[in-house]
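**Q** Read top to bottom, the protein sequences are chains A and B. Per our numbering, residue 1 is the first one in the first sequence, and the count goes up by one each step. Per our numbering, residue 1 is the first one in the second sequence, and the count goes up by one each step.
The set of hints was computed from the structure by calculation and includes no laboratory data. Since we're looking at a predicted model, the values are computed, not measured. The beta-carbon is built from N, C-alpha and C at its ideal position, and this holds for glycine as well. Be aware that a few hints might be false.
For lysine-lysine, the following BS3-like pairs were computed, each having C-alpha atoms within a straight-line distance of at most 30 Å [to be verified]:
#: 1; chain 1: B; residue 1: Lys151; chain 2: A; residue 2: Lys316
#: 2; chain 1: A; residue 1: Lys732; chain 2: A; residue 2: Lys789
#: 3; chain 1: B; residue 1: Lys215; chain 2: A; residue 2: Lys476
#: 4; chain 1: A; residue 1: Lys207; chain 2: A; residue 2: Lys128
#: 5; chain 1: B; residue 1: Lys198; chain 2: A; residue 2: Lys358
#: 6; chain 1: B; residue 1: Lys215; chain 2: A; residue 2: Lys480
#: 7; chain 1: B; residue 1: Lys198; chain 2: A; residue 2: Lys476
Facing chain A, according to a computed beta carbon distance under 10 Å, are these residues of chain B, among others [said to hold, decoys possible]:
#: 8; residue: Val82
#: 9; residue: Phe101
#: 10; residue: Ile104
#: 11; residue: Lys125
#: 12; residue: Pro240
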Amino acid sequence: MTKKNALNFIILLTSFFAFCQEKYTISGTVTDNKNKETLIGVSIYFVETKASTTTNEYGFYSMTLPEGKHTLLISNLGYQTTEQEISLTQNLKSNFSLVENFQQLDEVVITDNKKRADIRKAEMSVNKLSIQTVKQMPVILGEVDILKSILNLPGVTNAGEGQSGFNVRGGSADQNLVLLDEATIYNSSHLFGFFSVFNADAIKDLKLFKGGIPARYGGRLSSVLDIYQKEGNKNGFHMNGGIGLITSRLLAEGPIKKGKGSFLIAGRGSYAHLFLKLANNPNSAYFYDLNTKLSYDLNEKNNLYLSGYFGRDVFKINNSFDNTYGNSILNLRWNHLFSEKLFSNLSAIYSDYYYGLKLDFIGFIWDSGIKNYNLKYDFKYYLSDKIKLNYGLNAQYYDFNPGQIKPIDASSSINNFELDKKFALEPAIYVDVEQKIGNDFSINYGLRYSMFYRLGQQNINTYANNQPVVWNDFFKIYEKATPTGSNYFGTNDIIASFNNLEPRVAMSYSFNDNQSVKASYNRMAQYLHLISNTQSPTPLDIWTPSDNFLKPQMLDQFAIGYFQNFSDDKYTLEVESFYKKIKNRLDYIDGADLIANNAVEQVVLVGNARAYGLEILFRKNEGKLSGWVSYTLSRTEQQTPGRTAEESGINNGNWYKTGFDKTHNLSIVGTYELNKKWKFGSIFTLQTGQPVTFPNGKYQYQGIFIPSFGLRNENNLPLYHHLDISATYTPKPSKNKGWQGEWVFSIYNLYGRQNAASITFRQNVDTGTNEALRLSIFGVVPSVSYNFKF
Amino acid sequence: MKKIATIFLFTVLLSLISCEEVINVDLDTAPAKLVIDASIDWEKGTPGTTQIIKLTTTTGYYSNVVPSVSGATIFITSGSDVVFNFNEEVPNSGLYLCTTFAPIIGETYTLTVIHAGETYTASEKMIPVPTIINTSQRDDAGFGLNEIEVKFFFQDDGQENNSYLTKSTTPINVLPEYFAFDDRYAQGNEMFGLYTNKDLKPGDAIEFCLYGISKQYFNYMRILLANAGTSNGSPFQTPPATVRGNIINQTNESNYCLGYFRLSEVDKFQYIVQ
Numbered sequence: 001m002t003k004k005n006a007l008n009f010i011i012l013l014t015s016f017f018a019f020c021q022e023k024y025t026i027s028g029t030v031t032d033n034k035n036k037e038t039l040i041g042v043s044i045y046f047v048e049t050k051a052s053t054t055t056n057e058y059g060f061y062s063m064t065l066p067e068g069k070h071t072l073l074i075s076n077l078g079y080q081t082t083e084q085e086i087s088l089t090q091n092l093k094s095n096f097s098l099v100e101n102f103q104q105l106d107e108v109v110i111t112d113n114k115k116r117a118d119i120r121k122a123e124m125s126v127n128k129l130s131i132q133t134v135k136q137m138p139v140i141l142g143e144v145d146i147l148k149s150i151l152n153l154p155g156v157t158n159a160g161e162g163q164s165g166f167n168v169r170g171g172s173a174d175q176n177l178v179l180l181d182e183a184t185i186y187n188s189s190h191l192f193g194f195f196s197v198f199n200a201d202a203i204k205d206l207k208l209f210k211g212g213i214p215a216r217y218g219g220r221l222s223s224v225l226d227i228y229q230k231e232g233n234k235n236g237f238h239m240n241g242g243i244g245l246i247t248s249r250l251l252a253e254g255p256i257k258k259g260k261g262s263f264l265i266a267g268r269g270s271y272a273h274l275f276l277k278l279a280n281n282p283n284s285a286y287f288y289d290l291n292t293k294l295s296y297d298l299n300e301k302n303n304l305y306l307s308g309y310f311g312r313d314v315f316k317i318n319n320s321f322d323n324t325y326g327n328s329i330l331n332l333r334w335n336h337l338f339s340e341k342l343f344s345n346l347s348a349i350y351s352d353y354y355y356g357l358k359l360d361f362i363g364f365i366w367d368s369g370i371k372n373y374n375l376k377y378d379f380k381y382y383l384s385d386k387i388k389l390n391y392g393l394n395a396q397y398y399d400f401n402p403g404q405i406k407p408i409d410a411s412s413s414i415n416n417f418e419l420d421k422k423f424a425l426e427p428a429i430y431v432d433v434e435q436k437i438g439n440d441f442s443i444n445y446g447l448r449y450s451m452f453y454r455l456g457q458q459n460i461n462t463y464a465n466n467q468p469v470v471w472n473d474f475f476k477i478y479e480k481a482t483p484t485g486s487n488y489f490g491t492n493d494i495i496a497s498f499n500n501l502e503p504r505v506a507m508s509y510s511f512n513d514n515q516s517v518k519a520s521y522n523r524m525a526q527y528l529h530l531i532s533n534t535q536s537p538t539p540l541d542i543w544t545p546s547d548n549f550l551k552p553q554m555l556d557q558f559a560i561g562y563f564q565n566f567s568d569d570k571y572t573l574e575v576e577s578f579y580k581k582i583k584n585r586l587d588y589i590d591g592a593d594l595i596a597n598n599a600v601e602q603v604v605l606v607g608n609a610r611a612y613g614l615e616i617l618f619r620k621n622e623g624k625l626s627g628w629v630s631y632t633l634s635r636t637e638q639q640t641p642g643r644t645a646e647e648s649g650i651n652n653g654n655w656y657k658t659g660f661d662k663t664h665n666l667s668i669v670g671t672y673e674l675n676k677k678w679k680f681g682s683i684f685t686l687q688t689g690q691p692v693t694f695p696n697g698k699y700q701y702q703g704i705f706i707p708s709f710g711l712r713n714e715n716n717l718p719l720y721h722h723l724d725i726s727a728t729y730t731p732k733p734s735k736n737k738g739w740q741g742e743w744v745f746s747i748y749n750l751y752g753r754q755n756a757a758s759i760t761f762r763q764n765v766d767t768g769t770n771e772a773l774r775l776s777i778f779g780v781v782p783s784v785s786y787n788f789k790f
Numbered sequence: 001m002k003k004i005a006t007i008f009l010f011t012v013l014l015s016l017i018s019c020e021e022v023i024n025v026d027l028d029t030a031p032a033k034l035v036i037d038a039s040i041d042w043e044k045g046t047p048g049t050t051q052i053i054k055l056t057t058t059t060g061y062y063s064n065v066v067p068s069v070s071g072a073t074i075f076i077t078s079g080s081d082v083v084f085n086f087n088e089e090v091p092n093s094g095l096y097l098c099t100t101f102a103p104i105i106g107e108t109y110t111l112t113v114i115h116a117g118e119t120y121t122a123s124e125k126m127i128p129v130p131t132i133i134n135t136s137q138r139d140d141a142g143f144g145l146n147e148i149e150v151k152f153f154f155q156d157d158g159q160e161n162n163s164y165l166t167k168s169t170t171p172i173n174v175l176p177e178y179f180a181f182d183d184r185y186a187q188g189n190e191m192f193g194l195y196t197n198k199d200l201k202p203g204d205a206i207e208f209c210l211y212g213i214s215k216q217y218f219n220y221m222r223i224l225l226a227n228a229g230t231s232n233g234s235p236f237q238t239p240p241a242t243v244r245g246n247i248i249n250q251t252n253e254s255n256y257c258l259g260y261f262r263l264s265e266v267d268k269f270q271y272i273v274q
C-alpha cells in the first residue's frame, strides 16, 4: 500500500465514525506523584462504558466517550489504583498522578498490584517487567541486569552462562531489535555477555514483544525489546547510586525549570582494573557507560526529549593488545499534540557501534562498525472508545564499516587493507488499528510496508551462474567461487532493492472478565545479517546489509494462547504455543573466514530455520510471597540443503538443532517480603544442556590426533541448573527524605553446581593422550552491594 | 583472527573465576575409516629421495592405539609418467617407504592407493618455499611480560598468492605445533612464523619447519587444526565437521578416506634459545 492510500484509508475511517452521537474527549498524561516521571502502559478503565485504554510511551492517553459522568480506574504495575470521577461536558484535559505501592507498605497490604494478564487486550506474547521486579532478582556479582532478568521469562534463553545476547522463541541473537529510547543498540553486552549495557538505575520501563509484534516495529524477525530511560525528577534534585563488587553507579536528576523540564545523568563504571594498576600490573579490563536524558515541556502541546547513551569496553594487555568497543546513541524527540485525539512524535536518532583492536604482536590496528541515522514520525489517533490508530513512517540510513586493517608502524609486515564500505537505506510506512468489537472481541491489525535499498559506492563481484559459492564435487566440499568480474556502482547507485508487505494481526476473545483466548500472526522482514558463525554473538561480529547475494530474512509466526486470572486476580496463568518459520537464514560453509572478508557471499549458503514450542507462565501477583513459574518446551532447528542433487548442503542437508536450542527451560522466581526491613528473592533455573558436537572418533595425522565428527549438534552438554538467592536490607525503611540506604546481599549458584559452559576435547600436551575437559564459569558467587539515594 | 581475539580475551577473563576439570564423557565410536597420511616433504639441501606414506584407521576417541593398515599397494606417478612404488618394509607397520623418489618443484604428481579392493587416488603439485633468512628473540612476551618468543623471518613472493604451514618441535612439548597462514595481508612483505611457550628457557632447541603449501591444502589444514585445537565445543566455535581431503575413493565414492596427499618444499631451521 502506498502512503497516499494509507492516508485515504485513515480519512475514510475518520469520516465514517465522525457522525456518531455527541461525544467528548478526555486526554492527558499520567505521572508518578513523587518525581513527576511519566508512566508507560498505565491502564485506564472507564467503569460505566467498560472502555479502557493505556498510556503510550510518553505517558499520554486519550479517550472519546459520550457526554456524562464517568468513573475512571487508573492502575499500573507497582502503583496503587486510583479511582476518579469526571463529568464530561466538553473536551477535558486531565492529568493524573499515581502513588507507588511500597511507599505505604505498613498501612496496606498490596492488593492493587495489577500484574494480571490483560484479559481483554488483543496484545499477546508480550512480557513487561517493572524495574522494581528486576532489581529484586538475585544476580551474579550483584549487578542488576535487565537482559539476565528477561531470561527468566517463557520463550527467552541464551546460549549459556556468561554469553552475550539472548534468543527469543528460537530466534538467533541478531533477530532481536533492542531499542533504548527508540534507538537501536547493536551490541547489548559488556565483557562478552557477563553484564548488559543497560544501567538499571536509568531505566524506567521495558517491554519484550515475542510475537504478534505491532506494525510500528520492523527490521528484526524474532523480538523487540523496548527499553525506556527515565526522564528525571521534575520536582527536585536527587541523587542515587550504588557501590558493588564490579561496578559503582551514580545518578543525578532534577528539574531544569521547575515543573517544566528535567535532566538525568547516570554513569556506571567497573573498577577492578584500578586494583591491577595498584599492583603494577600493566593489564587492564574495564567498562563504563553514561546515560543522559533531558526533557522539556514547551507548552501543553509540545514536549522535547533528548536522550543519549555512550558505553565502552576496554581491554589492554601490556602494550601488545588493545581492544575497545561499544555503542553510542543520541535521540532528539518532539512530542506534539495536534488535538486531544491526535498525538505525534518525531524522532531524529543516531546510533553507532564501534569495534577497535590493536594487536602489537601481529603488528596491526583493526576497526569496524556500523552507523545508523533514523528519522521517524509516528502518530497515534484515538478515534473513538473502540478504535485507536497508529501510523507513521521512518527512514533509516546505514553506513557500514566492515573493517580496515592498518599496520601499527613502518616495521610491521602488514599491508594497509580496507574492506569496501557499505551503504543502505531502509524506509518503511505502517498503519496499525486497535479495535474493539462488542465487549468480548478485540482485534489489532496492521500492515507494514518496508523497503530496502543497498547503495553504492562499491564494486560488486559477478560470478558464473550468479553463484558465489561453488560445490567441488571432487572433494565434496563447498568452496569460494572466483569472481568472473565486477560491476561498479557509484555513490547512491542502487545495487539491490527489496520491498515487503508485512501483515500483523492479533485478536482476543474473552469469555468473561477472567478468561480469554488469543491468536496472532506476524510476518517480519530483516534486511541486516550479523555475520557470525558462533553460537552467541561476539563483539567483533559484523553487521552486513542484504544485497544481490544475501537476501533478506523473512519470518512467519503463528501463536495461540489461553489466559486466565484466578482468585480475584491473585494468580494468573498464561499458556501460549507458537510456530515460526524463517527463510533465508545464513549458514556458513566449513572453514568460512568471516573477518576481514571482502566477499562474505563466497562463504555463506542460504537455508531455513524453524522453531515451535509451548510456553507456560503461572504467576502469583499478591501477598508477601509473589513471583512466577515459567516453563518452555521447544525445538529450534535449521537446515541448509544442497542447491542441486550433487551438493551435500550443510550437515548433509539435514535439519539440525541450533546452538541455542533448549528442549526444557524452567525458571522459578520468587520474592518474599518478611517485613519492612528485609526482602528476599530467589531464582531457580533448570535447562537442557546446550547442543554440541562431540567427536565420534579420532585419527592420527602428521603426528597429532585429529578428532572426527558425525552430524552437527547431536550431543548435549549436561543438564544446566542453579539456585540463586538474595536479601535486601533497608535499615530505615520509613525514612522518606535525606540519605536512604539499602544493602543487597546475594549468592549466585547457592549449591555450587559446576555447570558446563563447554566441554572441550584435546590431546594432553604432556602425556599425548586424549581427554575431555569441562569448563565451568561460576561456582558459588557471593556478593554484596550498597545502594543509596538522597 | 576473530577467534584469536575472542578466545584470548575470554581466557584472560575466565582465568579469574572459572574452573577447568578433566571429566569422563561417554562418546560413541563411528565405524573405522581409512586414513592416508601422504606428505611428501623435500627439505632444502637434501635429495628428497626417501619418502614415507602412512596408512592407519580412525579409532575410539580415548583409544591409545593407532590401528595401522597393512597390505596396501601404493605408488606415485610423476607428470612424466615415472612410477615410484611405496612398500611396507616392516610388516604390519602401516609405513610404506620409497627411497627413489625424485622431487621436482611445480610438478604435478598422482597418488594411487589400493586397499581392500578399493582404489584411492589424488593429484597435487609440489609447492616451493622461501628460505628462512633471519630470526629474532624477545623475552618480554605474553601476559606476564616474561615469556620467550622467537620469530623466523622469510621473504614472501609478491608475484603470487602463497600459503604456508609451520611446524615447531621443542623438547618441552611432546606434540609438534602447527600453524597455517597465507600472505593475504602481507603480499610481497618479509613475513614471519612465530613460536612462544611459557616454559621455553635458554638452551632449549626449537626445530622450526616452513612448508610451501597449496591453497587447497591451506584451507584443509585450517579446518583440521581448528578441529584438533582445544576449542571444540567452545562458544566461539562453529559446530565442527569432519574435514575431507583430496584423496578420492574411485571404487566406492561414499566410503571416503581421511588424510591428504601434499607435496611441499621445506626449509628447516634449528634455533637454540638464547
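**Q** Using Cβ atoms only, decide whether Lys125 of chain B comes closer than 10 Å to chain A, and label the hint accordingly.
**A** Because about 15 Å separates Lys125 of chain B from the closest Cβ in chain A, which is outside the 10 Å limit, the hint is violated.
**Q** Between the alpha carbons of Lys198 of chain B and Lys358 of chain A, is the straight-line distance 30 Å or under?
**A** holds, 22 Å
**Q** Is the straight-line distance between the alpha-carbon of Lys198 of chain B and that of Lys476 of chain A 30 Å or less?
**A** Violated, at about 40 Å.
**Q** What's the verdict on Lys732 of chain A and Lys789 of chain A, does the C-alpha distance respect the 30 Å limit or exceed it?
**A** Holds, because 12 Å separates the two Cα atoms, which is no more than 30 Å.
**Q** Would you check the hint for Lys215 of chain B and Lys480 of chain A, treating anything up to 30 Å between C-alpha atoms as holding?
**A** holds, 12 Å
**Q** Compare the distance between the alpha carbons of Lys215 of chain B and Lys476 of chain A with 30 Å, and conclude whether the hinted pair is satisfied.
**A** With a Cα-Cα distance of about 16 Å, the restraint between Lys215 of chain B and Lys476 of chain A holds, given a limit of 30 Å.
**Q** If you take the shortest Cβ to Cβ gap from Phe101 of chain B to chain A, is it below 10 Å?
**A** With Cβ-Cβ at 18 Å, over 10 Å, it is violated.
**Q** Per the CB criterion, is Ile104 of chain B less than 10 Å away from chain A?
**A** violated, 23 Å
**Q** For the pair supplied as a hint, Lys151 of chain B and Lys316 of chain A, is the alpha-carbon distance within the 30 Å limit?
**A** Roughly 23 Å between the alpha carbons, so the hint for Lys151 of chain B and Lys316 of chain A holds.
**Q** Given the hinted pair Lys207 of chain A and Lys128 of chain A, is their Cα-Cα distance within 30 Å?
**A** Holds. Lys207 of chain A to Lys128 of chain A sits at ~5 Å (cutoff 30 Å).
**Q** Against chain A, is Val82 of chain B within 10 Å by beta-carbon distance?
**A** Violated - the Cβ of Val82 of chain B stays beyond 10 Å from chain A, reaching only about 24 Å at its closest.
**Q** Checking hints one by one. Is Pro240 of chain B an interface residue toward chain A, by the C-beta closer than 10 Å rule?
**A** holds, 5 Å
Of the numbered hints stated above, those contradicted by the structure are hints 7, 8, 9, 10 and 11, listed in ascending order.
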